[in-house]
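> Please arrange chain U on chain V, whose structure you already have, making use of the hints.
From first to last, the protein sequence lines stand for chains V and U. Quick note on numbering: this note's numbering labels position 158 of the first sequence as 162, and the sequence is numbered without any gaps. Quick note on numbering: this note's numbering labels position 199 of the second sequence as 305, and the sequence is numbered without any gaps.
What the hints contain is simulated information worked out from the structure, not anything from laboratory work. Don't take each hint at face value.
[To be verified] Computed list of lysine to any residue pairs in SDA-like fashion (alpha-carbon distance at most 25 Å, straight line): (1) 375(U) to 147(V); (2) 375(U) to 152(V); (3) 390(U) to 122(V).
Everything numeric in this text was worked out from a predicted model, so none of it was measured.
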Amino acid sequence: MTEPRDTPEARLSPTRALPRTRPAWFLVAALIAGLLPLGLSDDYAVHLAVAIGINAIIVLGLNLLMGYAGQVSLGQAAFVGVGAYAAAILGTKLGGHISPWLAILAGVLLSAAIAAVVGVPLLRLRGHYLAMGTLGFGMIVHIVMVQWEGLTTGTTGISGFRPLSIAGVSLDTETRMYYLVAVSVLLVLVMASNIINSRVGRAMRAVHTSEPAAGTSGVDISRYKLQVFVISAAFAGLAGGLYAHHAGYVNPDSFGFGYSIQLVVMVVIGGMASIWGAIFGAGSVTLLGEYLRSRQELSPVIFGLVLMAVMVLLPDGLWRGAANALSRLRSRRRPESEAS
Amino acid sequence: MTASAVAQYLVSGLTLGSIYGMIALGFALIYNATGIVNFAQGEFVTLGALIAISCSAAGLPMPLAVLVGVATVTLIAAALEWGAIRPARGASVITLIVITIGASILLRGAAMWLWGPDALPMRSFSGETPISVGIAGATVLPQHLWVIGIVVVTMVTLRLLGERTQVGKAMRACAVNRDAARLVGIPAERMVRLSFALSGLLGSLAGAIVAPLAMGQYNMGIMLGLKGFAAAILGGIGNPFGAVLGGLLLGTLESLGAGLSPSGWSGYKDAIAFAVMLLVLLAKPSGLLGRRVTA
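Excised from the complex, chain V in its bound form (with noise of 0.2 Å):
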């Protein structure tokens, strides 16, 4: 199967395949991520980070399953919060015993075991109702993780389980737990972008562009559907497992419907179908959430405004909207290659 080619056909469809990202660029952003903490000032700075990273991760799953297989979730949240209570659970009530890596193993596996089995029936939805799907079930998990009280403890939330260390070494700093975020954030990104250049990702992008035509090529639509799926779910449940070590502390206010919404608007921020979008849009939209949260009561107003802002300026997101801003560039200096 060959690249789309660069017709203005190809270049309108939002599943246009960027050219492969070369291996070089992971060792550039492997190289930034490892020297970050030596040009952030404080221990809040590296904080917003890690806090970064994690959304990051969930967001890149997000972006998959939005991005290249067409289809929204509105319940992500609650992926994320199935991997931070396993992390949670298993760290507190059985004593202590099992490993805090296992337990957010553990996390990892039941989020990618739960999308399995709900996806079976609920990517049988399409468009809209696939997206009130997901809200409802992303619900349902929020509605048991606070009403489930003698296995979540409800709204106090728990706390006080094993922290994570490696060869003794407790990751109980901001910077520890740093370095194992971004190690885990490129390792998915990595991931990310080999199931995008792989057969599945093909099959994804074909299923996006049109879902009868990729079927009658022989494309088992449900099949690719489900695995996405189950893939988001289990990025969303690491991330969880770490959020829940970050934090010291999880409760169900923390995977409820908004923040599904938030993770929604990270991916089309940062832009679709693109894996450093995704991590834009986790920065772009972490760092204006905090920044404005310290400031005054008017910030939901502000963040408002610069969400439709920018949705208006740039419809296909930040990194796209740059991507194209250059290439407009390049183009006006070769006026000629504007044939469209």
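Same frame as chain V, now just chain U:
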């Protein structure tokens, strides 16, 4: 469980359901004109309630207070279309939806800034003395009757406008096929603006008439908006009758679910409503009265 209790739950369920139905109708109108789900719909409800509460507290007669709230929000909804949706036309559906998410965050923030975080009470339209309905000893508050009556009158009026007037016919034509409507000379852009204004009107009216029962608070629109969206989907998105039917069904289920569930389980009442909705969707993926599934 006595018959009178069931009748009581049915009355409050139908009241709540007609509110959901009115909000759902707002979703349906905008969906039909644009293909998007308007996440600011719940904030129309909030603002309608809060403005009416302030006007009534300032001494305005009740009908005037409601009217001021509805008129202001109708203008806000039209302004939203003019200021943010129109300039982004041609963008993908998800981009437009995120714009409405931005609008909802903005309006909710403004409501919190102007009215504060606390719930504000509102006088009932005509007293608080319960009226016996004569069915199994159930009683209703006058406000229940006001809500159901106003919703019925609004629905009938809209239906007549849709069938008898040229604008109504033009809107319905756009809902059936936007491109074909444009080809026969219907100003489709103006219909989009009108759909926003109308759903602002419906949402704010729903907020103003439910405020005496539920009070008004800056964040009341989140849950009401979600339930309205759920009702619109349950009935089959884009179908006005489906929207109202979905609302009534959801309200009744929720009320009965909360009332009849064993003690200690009432916290699950919202889960019941969503679970039933999911089951219906899984059995009928395009909603109860949905005409087709759009990808």
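> Under the criterion that the straight-line Cα-Cα distance not exceed 25 Å, is the pair residue 390(U), residue 122(V) satisfied?
Between residue 390(U) and residue 122(V) the Cα gap is close to 16 Å, so the pair holds against 25 Å.
> Run the distance test for residue 375(U) versus residue 147(V): straight-line Cα separation, threshold 25 Å.
With a Cα-Cα distance of about 9 Å, the restraint between residue 375(U) and residue 147(V) holds, given a limit of 25 Å.
> Quick one, are residue 375(U) and residue 152(V) close enough, alpha carbons at most 25 Å?
Holds. Residue 375(U) to residue 152(V) sits at ~14 Å (cutoff 25 Å).
Checked against the numbered hints given earlier, this structure breaks none of them.
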